[in-house]
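Following the hints, complete the assembly by docking chain B onto the known chain A.
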Amino acid sequence: MLRYYLNLYPAFLRIAVLAQIQYRASGVIWMIGSIIEPVIFLVVWSRVARARGGEVGGYAENEFAAYYIVLMLVNHVTFTWIMHVFQSRIQFGQLSFQLMRPVHPIHEDLSDNVAYKIVQLTVMLPAVIILILIFQPKFNFEMWSLLLAVPAIILALAVRFTLEWTLALVAFWTTRVNAINQSYFAIIMFFSGRVAPMALLPVTIQSIASALPFYYMIAFPVELLLGKLTPAQALTNIVIQLGWLAFALMLLVSLWKVAVKQYSAVGN
Amino acid sequence: MIEFFRLANVFLRIGAMNEMAYRANFWIQTFESLLSMATALATIAIVFNQTDSLGGWQRAELISLLGVYFLVLGTINLVVSPSLGRFMEEVVDGRLDFTLTKPADAQLLVSISEFRIWKILDVILGLIVLSMGLLTKAEATSFASALVFGITLLAAGAIVYSFWIILATLAFWFIRIENITMIFWSMYTAGRWPVTIYPPWLKWILTLLVPVAFAVTVPAQALSGRLTFNTLMSAVLLAVALVFISRWFWKLGVKSYSGASA
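Those sequence lines, one after another, are chains A and B. The letter at position 93 of the first sequence is residue 93 when you use the numbering used here, and the numbering goes up by one with no holes. The letter at position 98 of the second sequence is residue 98 when you use the numbering used here, and the numbering goes up by one with no holes.
Rather than coming from a laboratory, the hints here were simulated on the basis of the structure. Virtual Cβ for every residue (Gly too), placed ideally from N, Cα, C. Treat each hint with caution, since some may be false.
Below 25 Å or equal to it, Euclidean Cα-Cα: the simulated SDA-like pairs (lysine to any residue) are [to be verified]: (1) Lys117(A) <-> Arg176(B); (2) Lys117(A) <-> Ile180(B); (3) Lys203(B) <-> Arg50(A); (4) Lys119(B) <-> Ile187(A); (5) Lys257(A) <-> Ile238(A); (6) Lys203(B) <-> Lys257(A); (7) Lys203(B) <-> Gly33(A).
Computed spacing ranges between beta-carbons, pair by pair [as the list claims (entries may be wrong)]: (8) Glu89(B) <-> Ile154(A): 37 to 45 Å; (9) Leu18(A) <-> Leu209(B): 28 to 36 Å; (10) Leu237(B) <-> Thr122(A): 38 to 46 Å; (11) Ile245(B) <-> Arg52(A): 40 to 48 Å.
Which residues of chain B face chain A? A partial, calculated answer using Cβ under 10 Å [what the hints assert, rightly or not]: (12) Phe31; (13) Ala45; (14) Asn179; (15) Ile183; (16) Ile197; (17) Ser256.
Bound conformation, chain A alone (with noise of 0.2 Å):
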């Protein structure tokens, strides 16, 4: 079973980032939005930092440059596309072809989201670089810190990745998915760190914010980057990571077996 999936992923990764790589020019145009959008909030932070003395809500003015340059990297990793194209493939019947593959249509994504994030770097890192030239922001990176972020990035990928996954399932049952997917994105901004750092949002969205996935797909390893955890929080937020991933994939498997099941192509 292993020996399988460590032969398909090479080469579905292989003919994703070739894939890639002939459409660079719109993944760069794409790339654009991802990257303001960070420089917008640091912007607007820094701002109410520097009226406010200096500091707000613990964050000075260069931790906010901080903050945000790690959450776009952050970001970048963690997103997915998957809920704007779900629903075309059922309309214009693409889902038809990859059923009919013996492998689940959720590997293919998989490595083409990787390709897409792999390709791009050659974007964003030197979007990283000028960012971090013009903000000079104060990272306070620690050897414990960064080692624990590496499973915690991967897992925010991994609930993010599945999490999304499940919701474009929607589109079996509803062609007008976009107010859906429109809602889910702004819950996601407001509760995962990306509108403002958790401890500047007022107390009862923080509260909600613990009891919701979002918060462990994008902030948590920032915060944990930016040493603003100590190691028994990161380790107690890993395992919830690992909490939320077990509970969307159950999700997954039992909605898709549903969902296939009264699909029935539409087009070609």
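Okay, now just chain B, sitting in the frame of chain A:
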């Protein structure tokens, strides 16, 4: 000018008839517009939970600015972006031939050929939020600043429209131009905040490369009475200049078009 209103009216009716076939869309659009406005307002609330002024702007002034942002956004999505998006497709597959043979100005035709009427909701919502901001502000808005606001808003419309025409005209030479409009949309989100808060390099990008500053910040400055005479003059001059430049560029583009199918 009469020609313009007559044609716009026809295309508006076609757009309305198209939408009437899918009535549920109205509720979905309402939901989406309300949701994006609510998210934007919540973001402002979170920021102003920590401070009472951002780069010299009060909360009420930023809410008015958000109103202007939605007003301009709604107008672009109502007619400019769908029409010019369709135009870019027509260049690729050659349907533009039919437009060019029609006995009306081709630039006018391609600019108003498609209305997405429910986007008017963003315009209305923008106006509501804009007034909300003005009403909660400490000092009343004077007649003079309302007048200047009108002028800057007209200039904003002319600048944004000309910018889109120039982008769309590029489709005569480059096929994959839709991607470039993506750049506009990414950069436009920066307009939810006054461009004056950004560092100089970003401010220049948002002023010269993508006209976010003139589209949103300048009209909002007029409303809050912080517009300088120089900025007003540059907005008006830029608007006039861009209208002529885009017209010239459009004609250049049409001349080099040779048809893709026929």
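Next on the checklist: Run through the hints listed earlier and report the numbers of any the structure violates, in increasing order.
Outcome noted: Numbers 5, 6 and 17, in rising order.
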